[in-house]
Each structure stands twice: as C-alpha cells, then as structure tokens.
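Participant: The primary structure of each chain is shown beneath.
Number of protein chains: 4
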Amino acid sequence: MTQVAFLGLGAIGWPMARRVADAGFELTVWNRTAARTRDFAAATKARAATSPADAVRGAEVVVTCLSTSKHVASLLDGADGLLAGLARGALFVDCTSGDPATSARIAERLAAQGVAYIDAPVSGGTSGAEQGTLTVMVGGDRAALDRARPVLASFGKKIVHCGGVGAGDAVKAMNNAMLAIHVWSTGECLAALSRMGVDPRVALDVVNASSGRSNTSENLFPQRVLTRAFPRTFRLALLDKDLGIAAAVAREQNVPSPILQLTAELFRMAHAELGEEADHVEAVRVIERLAGQEIA
Amino acid sequence: MTQVAFLGLGAIGWPMARRVADAGFELTVWNRTAARTRDFAAATKARAATSPADAVRGAEVVVTCLSTSKHVASLLDGADGLLAGLARGALFVDCTSGDPATSARIAERLAAQGVAYIDAPVSGGTSGAEQGTLTVMVGGDRAALDRARPVLASFGKKIVHCGGVGAGDAVKAMNNAMLAIHVWSTGECLAALSRMGVDPRVALDVVNASSGRSNTSENLFPQRVLTRAFPRTFRLALLDKDLGIAAAVAREQNVPSPILQLTAELFRMAHAELGEEADHVEAVRVIERLAGQEIA
Amino acid sequence: MTQVAFLGLGAIGWPMARRVADAGFELTVWNRTAARTRDFAAATKARAATSPADAVRGAEVVVTCLSTSKHVASLLDGADGLLAGLARGALFVDCTSGDPATSARIAERLAAQGVAYIDAPVSGGTSGAEQGTLTVMVGGDRAALDRARPVLASFGKKIVHCGGVGAGDAVKAMNNAMLAIHVWSTGECLAALSRMGVDPRVALDVVNASSGRSNTSENLFPQRVLTRAFPRTFRLALLDKDLGIAAAVAREQNVPSPILQLTAELFRMAHAELGEEADHVEAVRVIERLAGQEIA
Amino acid sequence: MTQVAFLGLGAIGWPMARRVADAGFELTVWNRTAARTRDFAAATKARAATSPADAVRGAEVVVTCLSTSKHVASLLDGADGLLAGLARGALFVDCTSGDPATSARIAERLAAQGVAYIDAPVSGGTSGAEQGTLTVMVGGDRAALDRARPVLASFGKKIVHCGGVGAGDAVKAMNNAMLAIHVWSTGECLAALSRMGVDPRVALDVVNASSGRSNTSENLFPQRVLTRAFPRTFRLALLDKDLGIAAAVAREQNVPSPILQLTAELFRMAHAELGEEADHVEAVRVIERLAGQEIA
Numbered sequence: 001m002t003q004v005a006f007l008g009l010g011a012i013g014w015p016m017a018r019r020v021a022d023a024g025f026e027l028t029v030w031n032r033t034a035a036r037t038r039d040f041a042a043a044t045k046a047r048a049a050t051s052p053a054d055a056v057r058g059a060e061v062v063v064t065c066l067s068t069s070k071h072v073a074s075l076l077d078g079a080d081g082l083l084a085g086l087a088r089g090a091l092f093v094d095c096t097s098g099d100p101a102t103s104a105r106i107a108e109r110l111a112a113q114g115v116a117y118i119d120a121p122v123s124g125g126t127s128g129a130e131q132g133t134l135t136v137m138v139g140g141d142r143a144a145l146d147r148a149r150p151v152l153a154s155f156g157k158k159i160v161h162c163g164g165v166g167a168g169d170a171v172k173a174m175n176n177a178m179l180a181i182h183v184w185s186t187g188e189c190l191a192a193l194s195r196m197g198v199d200p201r202v203a204l205d206v207v208n209a210s211s212g213r214s215n216t217s218e219n220l221f222p223q224r225v226l227t228r229a230f231p232r233t234f235r236l237a238l239l240d241k242d243l244g245i246a247a248a249v250a251r252e253q254n255v256p257s258p259i260l261q262l263t264a265e266l267f268r269m270a271h272a273e274l275g276e277e278a279d280h281v282e283a284v285r286v287i288e289r290l291a292g293q294e295i296a
Numbered sequence: 001m002t003q004v005a006f007l008g009l010g011a012i013g014w015p016m017a018r019r020v021a022d023a024g025f026e027l028t029v030w031n032r033t034a035a036r037t038r039d040f041a042a043a044t045k046a047r048a049a050t051s052p053a054d055a056v057r058g059a060e061v062v063v064t065c066l067s068t069s070k071h072v073a074s075l076l077d078g079a080d081g082l083l084a085g086l087a088r089g090a091l092f093v094d095c096t097s098g099d100p101a102t103s104a105r106i107a108e109r110l111a112a113q114g115v116a117y118i119d120a121p122v123s124g125g126t127s128g129a130e131q132g133t134l135t136v137m138v139g140g141d142r143a144a145l146d147r148a149r150p151v152l153a154s155f156g157k158k159i160v161h162c163g164g165v166g167a168g169d170a171v172k173a174m175n176n177a178m179l180a181i182h183v184w185s186t187g188e189c190l191a192a193l194s195r196m197g198v199d200p201r202v203a204l205d206v207v208n209a210s211s212g213r214s215n216t217s218e219n220l221f222p223q224r225v226l227t228r229a230f231p232r233t234f235r236l237a238l239l240d241k242d243l244g245i246a247a248a249v250a251r252e253q254n255v256p257s258p259i260l261q262l263t264a265e266l267f268r269m270a271h272a273e274l275g276e277e278a279d280h281v282e283a284v285r286v287i288e289r290l291a292g293q294e295i296a
Numbered sequence: 001m002t003q004v005a006f007l008g009l010g011a012i013g014w015p016m017a018r019r020v021a022d023a024g025f026e027l028t029v030w031n032r033t034a035a036r037t038r039d040f041a042a043a044t045k046a047r048a049a050t051s052p053a054d055a056v057r058g059a060e061v062v063v064t065c066l067s068t069s070k071h072v073a074s075l076l077d078g079a080d081g082l083l084a085g086l087a088r089g090a091l092f093v094d095c096t097s098g099d100p101a102t103s104a105r106i107a108e109r110l111a112a113q114g115v116a117y118i119d120a121p122v123s124g125g126t127s128g129a130e131q132g133t134l135t136v137m138v139g140g141d142r143a144a145l146d147r148a149r150p151v152l153a154s155f156g157k158k159i160v161h162c163g164g165v166g167a168g169d170a171v172k173a174m175n176n177a178m179l180a181i182h183v184w185s186t187g188e189c190l191a192a193l194s195r196m197g198v199d200p201r202v203a204l205d206v207v208n209a210s211s212g213r214s215n216t217s218e219n220l221f222p223q224r225v226l227t228r229a230f231p232r233t234f235r236l237a238l239l240d241k242d243l244g245i246a247a248a249v250a251r252e253q254n255v256p257s258p259i260l261q262l263t264a265e266l267f268r269m270a271h272a273e274l275g276e277e278a279d280h281v282e283a284v285r286v287i288e289r290l291a292g293q294e295i296a
Numbered sequence: 001m002t003q004v005a006f007l008g009l010g011a012i013g014w015p016m017a018r019r020v021a022d023a024g025f026e027l028t029v030w031n032r033t034a035a036r037t038r039d040f041a042a043a044t045k046a047r048a049a050t051s052p053a054d055a056v057r058g059a060e061v062v063v064t065c066l067s068t069s070k071h072v073a074s075l076l077d078g079a080d081g082l083l084a085g086l087a088r089g090a091l092f093v094d095c096t097s098g099d100p101a102t103s104a105r106i107a108e109r110l111a112a113q114g115v116a117y118i119d120a121p122v123s124g125g126t127s128g129a130e131q132g133t134l135t136v137m138v139g140g141d142r143a144a145l146d147r148a149r150p151v152l153a154s155f156g157k158k159i160v161h162c163g164g165v166g167a168g169d170a171v172k173a174m175n176n177a178m179l180a181i182h183v184w185s186t187g188e189c190l191a192a193l194s195r196m197g198v199d200p201r202v203a204l205d206v207v208n209a210s211s212g213r214s215n216t217s218e219n220l221f222p223q224r225v226l227t228r229a230f231p232r233t234f235r236l237a238l239l240d241k242d243l244g245i246a247a248a249v250a251r252e253q254n255v256p257s258p259i260l261q262l263t264a265e266l267f268r269m270a271h272a273e274l275g276e277e278a279d280h281v282e283a284v285r286v287i288e289r290l291a292g293q294e295i296a
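So the sequences go chain by chain: A, B, C and D. Under my numbering, residues 1 to 296 are what the first sequence spells out, in order. Under my numbering, residues 1 to 296 are what the second sequence spells out, in order. Under my numbering, residues 1 to 296 are what the third sequence spells out, in order. Under my numbering, residues 1 to 296 are what the fourth sequence spells out, in order.
Just so you know, not all the hints are guaranteed correct.
You can't tell identical chains apart in this list, so a pair holds if it fits in one copy or across any two.
[As the list claims (entries may be wrong)] DMTMM-like mimics (lysine to aspartate or glutamate), calculated; alpha carbons at most 20 angstroms apart, straight line:
id	residue 1	residue 2
1	Lys158	Glu218
2	Lys241	Glu252
3	Lys70	Asp22
4	Lys158	Asp199
If you're looking for bench data, these hints aren't it; they were derived computationally from the structure.
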C-alpha cells in the first residue's frame with residue numbers, strides 16, 4: 001500500500017488525514033504542536049513523526065495542509081526539513097490555500113531534487129473533509145495529478161485540474177475573493193435597506209428570486225446574519241489572506257480589478273478591527289457599526 | 001369589471017399590459033409613440049388613448065411602466081397630464097424601476113388629489129411578463145397594495161410588500177446593484193485566471209460548486225460570456241441608472257458603501273464607452289479590452 | 001448706508017458679521033440660539049432680530065451663513081420665515097457651504113418674489129474671517145454679484161465669479177474634496193512608510209521638494225499630525241458634508257469620479273467613527289488605528 | 001580619482017552620467033544599446049564598456065539607472081554579468097526607481113560578494129539631472145551613503161537618507177503615488193466643474209488660493225492640461241510601475257490604503273488605453289473621454 005505522509009493537522013487537515021488513514025494508506029503524520037500529532041496517532045493507526053524530515057522519509061506521497069505557502073516553504077530546509085527526508089520520485093501534494101508565486105518557488109526547489117509538486121487547495125469546510133466531499137483544485141502536471149488521485153479521492157469528491165503549478169491556488173483564491181465581495185456588498189445593500197425600514201428578510205426573499213442572488217444571499221445571510229448566529233466556521237483572517245493572494249494574481253496578470261483590490265482593503269480593515277478569531281461573515285459587523293444599523 | 005389605464009408600452013410594458021387585457025380588465029392604453037398605442041389597441045380590445053389625461057379618465061387603477069421616475073413625473077402636469085384626468089379615489093400603480101425620492105414626491109402630489117400611490121417595480125424580464133411570472137416589489141400602503149392585487153396578479157406571481165412608498169424602488173435597485181457588482185467582479189476574477197492560462201469553464205465549474213457562486217456565475221457567464229453571445233436582454237444604460245438609484249439610497253441612509261459606490265462609477269464608465277444599446281453583461285467587455293484578454 | 005441682515009452667527013459667521021458691522025453697514029443679526037444674537041448685538045451696534053422675518057424686514061442685502069443649504073431652505077417659510085419679511089428688489093447672499101441643487105431651488109423661490117440670489121461660500125477659516133481675507137466663490141448673476149460686492153468686500157479679499165447659481169457651492173465643495181483626498185491619501189502613504197521604518201519627517205521633506213507635494217503635505221501633516229496637535233479648526237463632519245456635495249455634483253454631471261466617490265465613503269466612515277467634534281485632519285487617526293502605526 | 005562605472009544611459013541616466021564625467025571621476029559607461037554607449041564616450045572622456053562585467057571591472061563605485069529593479073537583477077549573472085566583474089569592497093549605487101523587495105534581494109546577493117548596496121532613486125527630471133539639482137532618496141547603510149556622497153553630489157543637490165535598503169525606493173514610489181492621486185482626482189473634480197459650466201481657470205485660481213492646492217493644481221494643470229500641451233516628460237507607463245511599487249509596499253506593510261490601491265488600478269487602465277508613450281498627465285484624457293468634456 002502507498003506510503004503517505006500528512007503534515008498539518010489543523011481544523012481541516014485533521015479530518016482530511018483521518019480519511020486518508022481510513023482509506024487504508026500507510027500513514028505518517030506530523031504537526032507543529034506535538035501533542036496534536038500524538039493525539040492523531042493514538043486515534044488511528046498512523047505513525048507520529050518527530051519532524052518534517054522524519055515524516056516524509058520513505059513516503060511516496062506527501063500531503064501538506066498548512067495556513068500559508070510561507071509556512072510550507074519554511075519547512076523545507078534544515079536538518080529536520082522536508083528536503084532532508086524526501087526521496088527522489090516522491091510526489092508532493094500541497095493542500096494549503098497557497099499563493100501561486102510561492103508555490104512556483106517550492107515546486108522549483110522540489111524539482112531540483114526529483115520530487116514532483118502539485119498545489120491542491122480544497123473547499124468544502126470541515127464537514128466536507130469529514131464526509132470526503134471536498135472540492136480539490138489542482139495546479140501542476142496532469143501526470144502528477146493522476147498519481148495523486150487515489151489519495152485525493154479519500155477526502156475529495158470533485159477533483160479539478162485547473163492548469164499549471166499555482167493554478168489551483170489561483171482558482172481557490174478567486175472563488176474566495178468572490179465570496180468576500182458578495183459578503184461585503186450584500187452587507188452594504190441590506191444595511192441601507194434596513195435603515196430605510198425594509199425588513200431584510202423581505203429583501204432577501206426578493207433577491208433570492210431574482211438576478212442578484214448568490215450563495216451569500218441564499219445561505220450566509222439568512223442563516224448567519226439575520227439570526228445573529230455568526231458561527232465561526234472560516235476565519236476572516238484567512239479570507240483576508242486569500243483576498244491578498246487573489247489581488248496579487250490580478251496585479252501579476254495586469255488585469256484591472258478595482259472591485260477586487262478595494263475589497264482586499266476592506267477585509268484588511270475588518271481584520272484589523274475584528275481580530276484573528278472572527279468569522280469571515282462578521283465583516284458585516286463593521287458595516288453595521290458604521291451604519292448604526294443591524295441587519296436583522 | 002375594474003377599469004384600468006396602462007401607460008408605457010415598452011419592451012416589458014407591452015406584455016404586462018397584454019396580460020392585463022387578457023385577464024379581462026377594461027383597459028385603456030397610452031404610449032408616447034402613438035403608433036405603438038394604436039398597434040396595441042389593434043392587437044387587443046384595449047382602447048387607445050390620445051393623452052395621459054385621456055388615458056386615466058374614469059380609470060380605477062392606473063399602471064405606469066416608464067424608463068425613470070422623472071418620466072412619470074413629467075406626465076403629471078398640463079392640460080393633457082395625469083392630474084387633469086385622475087379621479088379622486090383612483091389608485092396609481094407605478095411599475096417603473098424608479099427612485100424613492102421622486103416616487104415620494106409623486107405620491108405626495110397624488111395624495112393631495114385623493115389618489116393613492118404605490119411603487120411596484122418588477123423583475124423577471126420580458127419572458128416573465130409574457131408568462132405572468134414577474135416578481136413585483138411594492139412600496140406604499142398595504143391597503144393600497146391589496147386594492148392593486150387583482151391587476152398585479154395578472155402579470156406578477158410573487159408580489160412582495162417591501163415597506164412604505166419608495167421601498168419597492170429601493171429593493172429593486174439594490175437587487176440590480178448586486179447583479180452589477182457580481183457581473184463586474186466575476187469579470188475581473190475570470191479575466192485574471194484566463195490570462196494565467198486557466199480555462200474559465202473550469203474555473204466556473206469550481207466556483208459554482210463552491211462558496212463564491214451566484215446567479216451571475218451559474219447562468220450569465222456560461223450562457224452569455226463564454227459563448228460570446230451577449231444577447232441584448234437588459235440594457236447597460238438601465239443598469240447604470242439602477243446603480244445610481246441604489247448608490248443614492250445608500251448615501252441618503254448614511255450607510256458606508258464603498259463597493260456599491262465604486263461599481264456605480266465603473267458602470268458609468270462602461271455606459272460611456274459602450275453606448276445606449278449595449279447589454280448589461282457587455283460591461284465585461286471593458287475589462288476584457290483593458291486586460292487584453294477574452295474570457296472564453 | 002445699505003441695510004444688511006446677517007443670519008447665522010456660528011464660528012465663521014460671527015467674525016464675518018462683525019466685519020460687516022465694522023465696515024459701517026446698518027446691520028441686523030439673527031441666530032437660532034437667541035443668546036448668541038443678543039451677545040453679538042451687545043458687542044456691536046447691530047440690532048438683534050427676533051426671527052428670520054424680523055431680521056430681513058427692510059434689508060437691502062441679506063447674508064446667510066448656516067451649516068447646510070437645507071438649513072437655509074428651512075428658514076424660508078412660515079409667518080416668521082424669510083419669505084414673509086423679504087422685500088422685492090432685495091439681494092440674498094448665501095455664504096453657506098451649500099449644495100447647488102438646493103441653492104437652485106432657493107433661488108427659484110426667491111426669484112418668484114423678486115429677490116435675487118447668489119451663492120457665495122467662503123474659504124479661509126475663522127482667522128481669514130477676522131482679518132477680512134476670505135476667498136468668496138460666487139455663483140449667480142454677475143449683476144447681482146456687483147451689487148453684493150461692497151458687503152462681500154468687508155470680509156472677503158478674493159471674490160471670484162464662478163458661474164451661474166450653484167457654481168460657487170460647487171467650486172467650494174470641489175476644493176474641499178481635493179483637500180479630503182489629499183489628507184486621506186497622504187495618511188495612507190505615510191503610514192506605510194512609517195511602518196517600514198522611514199521617519200515621516202524625512203519622507204515629507206522629500207515629497208515637499210518633489211512632484212507629490214500639496215498644501216496637505218506642506219502644512220497640515222507637519223503642523224498637525226507629526227506634532228500630534230490635531231487642532232480643531234474645521235470639523236470632519238463638515239468636510240464629510242462637503243464631500244457629499246462634491247460627489248453629488250460629479251454624479252449629476254455624469255463624470256466618472258471613482259477617487260472622489262471612494263473618498264466620500266471613507267470620510268463617511270471616519271465621521272461615523274470619530275463623531276461630530278473631530279477635526280477633519282483626524283481622519284488620519286482611522287488609518288493609524290487600522291495600520292497599528294502612528295505617523296509621528 | 002575614484003573609478004566610477006555608470007550603467008544605463010537613458011533619458012535621465014545620460015545627463016546624470018555626464019555630470020559624473022564632468023566632475024572629474026574616471027568613468028566607464030555601459031548601455032544596453034551599444035550605439036548609445038559609444039555616443040556617450042565620444043562626447044566625453046568616458047570609456048565605453050562592452051558588457052556589464054567589463055564596465056564594473058576595477059570600479060570603486062557602480063551606478064545603475066535602469067527602468068526597473070528587475071532589469072538591474074537581470075544584469076547580475078552570467079559571464080558578462082555584474083557579479084563576474086565586481087571587486088570585493090566596491091559600492092553599488094542603484095539610482096533605478098526600484099522596488100524594495102527586489103532591491104533587498106540584490107543587496108543580499110551583493111553582500112555575499114563583499115559589495116555594499118544602496119538604493120538611490122532620484123527625482124527632478126532630466127532638467128534637474130542636467131543642472132545637478134536632483135533629489136536623491138537613499139536606502140541602506142549610512143556609512144555606504146557617506147562613501148557614495150561625492151558621486152551623488154555630482155548630480156544631486158538634496159541627498160536624503162531615508163532608512164535601510166529599499167527605503168529610498170519606497171519614498172520615491174510614495175511621492176509618485178501622491179502625484180498620481182493628485183493628477184487623477186484633480187481631473188475628476190475639474191471635469192465635473194467644467195461640465196457644469198465653470199471655467200477651469202477660475203476653479204484652479206480658487207483652489208490654488210485655498211486648502212485644496214497641490215503641485216498638480218498649481219503647475220501641471222495650468223501648464224499642461226488647460227493649454228492642451230501635454231508635453232511628454234515622464235511616461236505614464238513608468239508612473240503606473242511606481243504606483244505598483246507603492247501599492248505593494250502598503251500591502252506588504254499591512255496598511256489599509258484604498259485610495260492608493262484604487263489609483264493603481266486607474267493608472268493600469270489608463271496605461272492599457274493610452275499605451276507606452278503617453279505622458280503621465282495624459283491620464284486625464286481618459287476622464288475627459290468618459291465624461292465627454294475637455295478640461296480647457
């Protein structure tokens with residue numbers, strides 16, 4: 001059976017790794033916080049590694065799922081680093097929601113060691129990870145993707161080849177940028193209507209039967225804003241990071257993108273105001289505070 | 001049977017009036033271009049009026065469906081104007097996609113003559129009008145809405161009371177503003193991905209299975225942009241007008257709305273560039289031209 | 001000697017009226033707060049009026065200096081209103097930093113009573129008012145301006161005919177809009193440099209010798225921001241209002257103005273955050289807070 | 001006498017190098033286009049180098065003045081590259097309007113060879129270069145700056161130490177960003193006033209006596225826009241590049257900067273529309289075209 005190393009047992013990494021284990025792969029795991037590595041190993045048959053180098057030694061497929069590409073890059077070097085442990089011919093699958101430029105640099109360094117790289121960020125949240133229904137956006141060689149498929153299939157349902165290295169990162173970032181644009185602009189529109197005395201339920205009812213509808217108006221606002229529930233499912237800090245990636249891609253490609261760039265600034269402001277733990281939908285609270293009007 | 005006057009036989013007014021006629025109301029019609037008035041009368045049992053005053057004389061319910069509130073206001077005065085013909089107790093139903101401030105002024109002048117007013121803009125396009133499945137967004141007295149319901153029901157399926165006078169206009173404008181924001185920002189994101197070598201079909205496939213999806217990504221881009229069809233169903237000029245209304249509502253309500261205000265500027269620019277006849281989705285062509293990249 | 005009525009004895013109105021009195025005009029004053037009217041009359045030879053109507057009775061020239069055009073408009077009607085007291089042939093000089101649309105409506109109502117109107121907002125602050133060195137931006141008939149000149153000359157040094165009614169308002173609003181754009185954008189640039197470790201004094205020294213310089217970089221930042229003095233000389237709330245006027249003029253004229261419109265939103269946000277008493281330069285505090293970096 | 005190598009004999013590099021030669025330094029020059037190198041050598045006593053490596057061999061001070069940092073970086077490697085010719089202990093003075101991130105990478109590579117680096121972009125244009133009155137913004141070690149001073153003094157009058165490596169680039173970029181913001185926003189405001197019938201001369205006369213004034217309103221618009229002269233002194237393409245650098249610095253420093261980011265998009269759009277040869281002030285033509293109104 002294929003030997004797999006999985007690095008990064010965070011909120012979404014854990015259930016993804018769990019599904020890899022349950023699919024019968026011979027799994028070694030590593031997490032920055034050692035306790036979490038041990039807990040995972042205790043709960044499965046996986047081996048707990050003591051370092052990135054230790055984790056990937058002998059692995060045919062290495063999966064990383066960290067916060068940023070820079071975190072992945074920081075694991076490469078040193079005596080305990082990935083490059084010290086990786087064998088020629090291994091396949092590196094980076095499920096981090098990364099940035100194309102850093103991914104390209106990582107891929108280049110790995111290629112020099114005979115290791116193939118694909119970026120493979122996922123969407124679908126923790127519940128999608130638990131149920132194995134994630135969408136996986138892949139950038140890199142199609143042949144490398146084909147080799148990764150059995151592992152990806154353990155947690156992903158829709159596996160899409162987007163293009164060369166970084167294309168998976170870019171598509172993920174752009175999807176999330178659209179989400180951010182929808183959240184903020186729907187907040188603006190509903191705050192104005194609310195102040196005018198229009199019940200936001202009524203407004204959403206109309207919008208959701210009309211041309212202005214989006215996943216945000218159909219699901220996020222009714223379930224999270226109008227109810228004041230604001231569950232913490234996806235951190236604003238991470239969406240801010242994704243917007244930064246999307247904005248950089250548009251600039252790199254020399255595409256005029258005023259709405260995208262402005263929204264990146266707005267979420268930077270919201271992040272500074274609401275802190276690290278706030279959920280992405282709580283960005284609406286900034287509009288509400290400044291408008292003096294709750295959307296409820 | 002209730003006597004109804006219908007003023008404004010444009011692209012959407014015509015099929016709406018047609019359904020009013022078919023529902024058996026005793027109908028009088030008027031259009032600025034007399035030939036169109038005569039054509040309509042010839043095609044139905046409606047009476048062709050020679051002036052706004054003539055059209056509304058004796059009418060219990062008056063329906064207007066013009067380009068802007070200012071057009072409606074301009075029909076009020078003079079010997080041939082609406083105020084000269086309207087009887088006390090009549091009900092004025094304005095289906096124009098109007099602006100709340102002008103609607104309020106019209107309502108005030110009508111009230112002084114004992115005529116009730118509701119703003120009742122519609123969405124659903126010409127096909128919705130033909131099939132009687134429009135959504136009608138109503139602002140004004142609930143009692144007035146109840147009186148209007150039989151007429152509205154002839155062309156509308158979902159009839160929603162949004163609030164006081166102007167609330168229907170505001171909800172319509174905000175829905176369309178969201179549409180505009182989605183069209184432009186989806187264009188930005190897909191142009192950047194396309195330049196990077198990502199097939200926009202693949203990108204949309206991912207987005208439409210993810211959190212960034214909207215009516216725009218699910219329907220408008222696949223059917224109209226990727227195909228290069230850009231059918232002319234709803235004029236950019238009118239969406240520009242609607243954005244102006246939405247932007248003014250947000251300012252009037254003192255709600256910070258940077259994305260909405262910026263998008264209003266972008267569509268003003270697109271309107272200046274593409275002219276009066278362009279479809280609203282063609283705004284994407286401005287991004288494509290500046291990016292040097294078709295989304296296809 | 002010409003009889004003059006002066007309405008609005010605020011921070012700038014008071015010293016303007018004082019100079020009118022000192023120039024020897026026969027002056028009657030009125031202020032919403034009666035105590036201030038009495039204090040002014042006690043300090044000069046001016047007559048204290050008990051109402052707007054009382055103030056303007058017999059006046060050949062009426063000067064208003066209120067917060068907004070809406071305040072001026074609100075004084076027109078009623079038994080105690082301006083229209084009740086104004087004589088045919090009088091000249092109405094509105095020194096309010098007003099908006100062209102409301103000024104036009106006021107001018108129209110006054111014209112119907114045979115009263116000429118010019119908008120004549122001023123710049124130069126309280127010290128300019130005290131020293132009689134204000135700049136006066138005039139909109140309206142040149143003949144009316146000529147009639148007003150003797151009174152304007154008592155507090156103004158540079159008296160500029162800008163165009164028809166509303167042109168003075170528009171020029172004033174645009175000047176202030178440029179000021180606001182300079183304040184905010186200089187704040188952005190210096191906050192970024194400061195975080196990078198560049199001393200903002202050094203940066204301003206360079207900018208003020210280069211193409212990026214402005215009154216804001218030459219005077220406001222060195223004297224008010226770097227010193228942390230932030231003296232309260234011109235309220236942010238008023239600059240927010242002026243931006244609203246400038247933004248509305250650009251929209252009314254159908255001129256794409258993304259920077260102006262965005263800046264209007266930013267000052268709206270700063271106004272909501274910093275309240276009614278903050279100085280206009282304190283808008284920079286919002287940037288500093290969000291950047292986690294003082295410009296000092 | 002100190003041996004100096006000067007690479008990059010463009011519009012501004014040529015007169016700078018000329019002043020270095022005239023100051024008596026032993027000069028070697030190199031330019032990508034060999035003819036220009038030969039012409040310069042023929043006009044002075046400078047030696048014409050055949051490659052970057054040849055140019056810097058034996059030089060104590062190397063000055064580069066290229067279009068972008070990437071151009072400088074591209075000269076480092078290879079048999080004919082700078083690194084092949086540079087001696088330990090040399091001083092590298094980069095007068096390119098560069099970006100801090102690339103400058104830092106270049107500095108790091110040079111440091112590994114025992115070569116000190118300062119970024120030293122200039123402002124003042126070709127006439128400032130000819131007259132030796134440029135402003136030089138320096139980033140890097142103060143000791144290195146002191147060593148460079150004699151050479152810098154041959155073309156610069158105001159030599160400012162801004163901070164560590166990249167600080168000179170950042171200050172230059174931010175100054176130019178302010179310039180760009182002023183040009184565009186003044187264009188918006190004057191286009192709106194012009195459409196309203198206000199003579200832009202009158203408006204500028206007022207603004208230049210008031211709080212909204214800037215170098216742009218005092219010099220650029222009166223001399224270049226109102227006259228329709230639009231002389232080509234500084235390419236829009238380069239200002240677009242500088243805005244990109246400034247916008248990246250603000251993002252890197254995590255400073256919310258909506259006006260800066262939006263202006264970067266507007267100049268990207270203007271650059272795409274007006275091409276490589278347009279002057280930076282011609283950005284105003286985009287506003288004029290969309291507004292249907294010349295500012296004249």
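Participant: Decide, hint by hint, whether the structure agrees.
Facilitator: Structure-based check of all given hints:
no. : hint            : verdict
1   : Lys158 - Glu218 : between (22 angstroms within a copy, 17 angstroms between copies)
2   : Lys241 - Glu252 : both (16 angstroms within a copy, 12 angstroms between copies)
3   : Lys70 - Asp22   : neither (29 angstroms within a copy, 49 angstroms between copies)
4   : Lys158 - Asp199 : between (38 angstroms within a copy, 17 angstroms between copies)
Checked against the numbered hints above, the structure violates only hint 3.
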